[in-house]
Structure formats: C-alpha cells, structure tokens
Amino acid sequence: MMDSVKLFFSSPRFAVAGASSDSRKFGYKLLAWYHQHSLPVTPLNPRVPSIELSPSHSYKTVASPSGLPSPAQTSLSVVTAPAVTLPLLQEAHSVGIPAVWLQPGTFNDAVLEFARSHFEAVIAGDGGRGSEGWCVLVDGEEGLEAAGVKWTTQRL
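If you read the sequence shown in our numbering, its first letter stands for residue 675, the second for the next number, and so on.
FYI, nobody ran anything at the bench for these hints, they're computed from the structure.
Glycine included, C-beta positions come from ideal geometry on N, C-alpha and C.
Misleading hints may appear alongside valid ones.
35 Å max Cα-Cα, derived DSBU-like pairs, lysine-lysine [what the hints assert, rightly or not]:
id, residue 1, residue 2
1, K703, K734
2, K680, K734
3, K824, K703
4, K824, K734
5, K734, K699
6, K680, K824
7, K680, K703
8, K699, K680
9, K699, K824
Just the calculated beta-carbon pair ranges, DEER-fashion [what the hints assert, rightly or not]:
id, residue 1, residue 2, range
10, R829, S791, 38 to 48 Å
11, W825, E794, 14 to 24 Å
12, S791, D696, 31 to 41 Å
13, T827, D783, 34 to 44 Å
Input sequences plus hints: build the corresponding full structure.
Have a look at this one:
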C-alpha cells in the first residue's frame, strides 16, 4: 500500500471530494489538512461556490472531477458516502485522475472493485496507523515523507 501512497502524493495537485464548510465534518478537516501542509488543493462540492477555512482563507469549489483544471495531474481524496463515491469515481476515471484515497466509510465492495480496476493507485481499507484503516489525517505526513514531498505546516 505504501507504493500507492507514494504515487498518490507524487501528484502536483490534490482535490477533496465531499469538502465542507462545517468544521465538525471530515470534509472540512481533510481540506484543512491539505491547506495546513501547504499543498495545492481544490475542494469538490456541487452545492457551494466556495469553502471558508478561516476568516482569511477561502477556496473556490468545483462541482465534480470534470471541473478540475488538470485532472490528470490531480490525486483525489474522497470523503463521501459509498452511494455517491461510485459515480464520483466513474467520472474521476473518465477525466484521467490517476490516484484516489478513499477515506474510511466512503466505500463498499463495488466501490473498491471499480477503484482497484481503474486507477493507478488506490489507498483504502485496512492498514495504516489508525484503527479505522488508511486515512490522510492519520497517515498523510508519513506518506508525504515517503514520497519525498517537501511541505511546511501552516496554521488556519
């Protein structure tokens, strides 16, 4: 799995599907993690035009993977329900996204089967350092280091 994590973090861009303005939700926490690690990230949310991480930082959203400026150079973190995740991944594949990280609770067997047969790298399921499986919030920094990505931590 660490080879997939390295490939995931080798992308020059990132996106978070299911990004949220609600600081209690994982979609917010995941977007904030990318921001705090100074990584170029785009939130995907079809319901709002932008997401505020703090009074001084706002990210414009795109509705879906098709709206990403360079999908073939973007790794996608997913924090959506499995029923939403499968069509999302189908679209992500159609626009050339190479790698996906399916956060705990975002997938079922059908989602995993599709992801594993259509993407260069898939991070999902058991493993990682957390009790619920591979998660960017828990395993991301180790993945960045393994991929040789230079990052700095910034505050919100």
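Tested hints:
Proposed proximity of K703 and K734 is supported: the alpha carbons are some 16 Å apart, at most 35 Å. The hinted pair formed by K680 and K734 meets the criterion: a straight-line CA distance of about 27 Å does not exceed 35 Å. Taken as a hint, the K824 and K703 pair is honoured in the structure, with Cα atoms around 21 Å apart against an allowance of 35 Å. This hinted pair checks out: K824 and K734 have alpha carbons roughly 24 Å apart, not beyond 35 Å.
Simply put, K734 and K699 have alpha-carbon atoms about 18 Å apart, close enough for the 35 Å limit, and the pair holds. Of the supplied pair hints, the one linking K680 and K824 holds, its CA atoms being roughly 13 Å apart against a limit of 35 Å. For the hint pairing K680 with K703, the CA-to-CA distance comes to about 21 Å; that is within 35 Å, so the pair holds. For the hint linking K699 to K680, the alpha-carbon distance of about 26 Å falls within 35 Å, and the restraint holds.
With a CA separation close to 27 Å, the supplied pair K699 and K824 stays within the 35 Å bound. At about 40 Å, the CB distance of R829 to S791 agrees with the hint of 38 to 48 Å. Evaluation of the 14 to 24 Å hint for W825 and E794 yields a pass: the beta carbon distance comes to about 22 Å. At about 33 Å, the beta-carbon gap between S791 and D696 stays in the expected band of 31 to 41 Å.
Between T827 and D783, the C-beta spacing of about 37 Å keeps the proposed range 34 to 44 Å intact.
In this structure, every one of the numbered hints holds.
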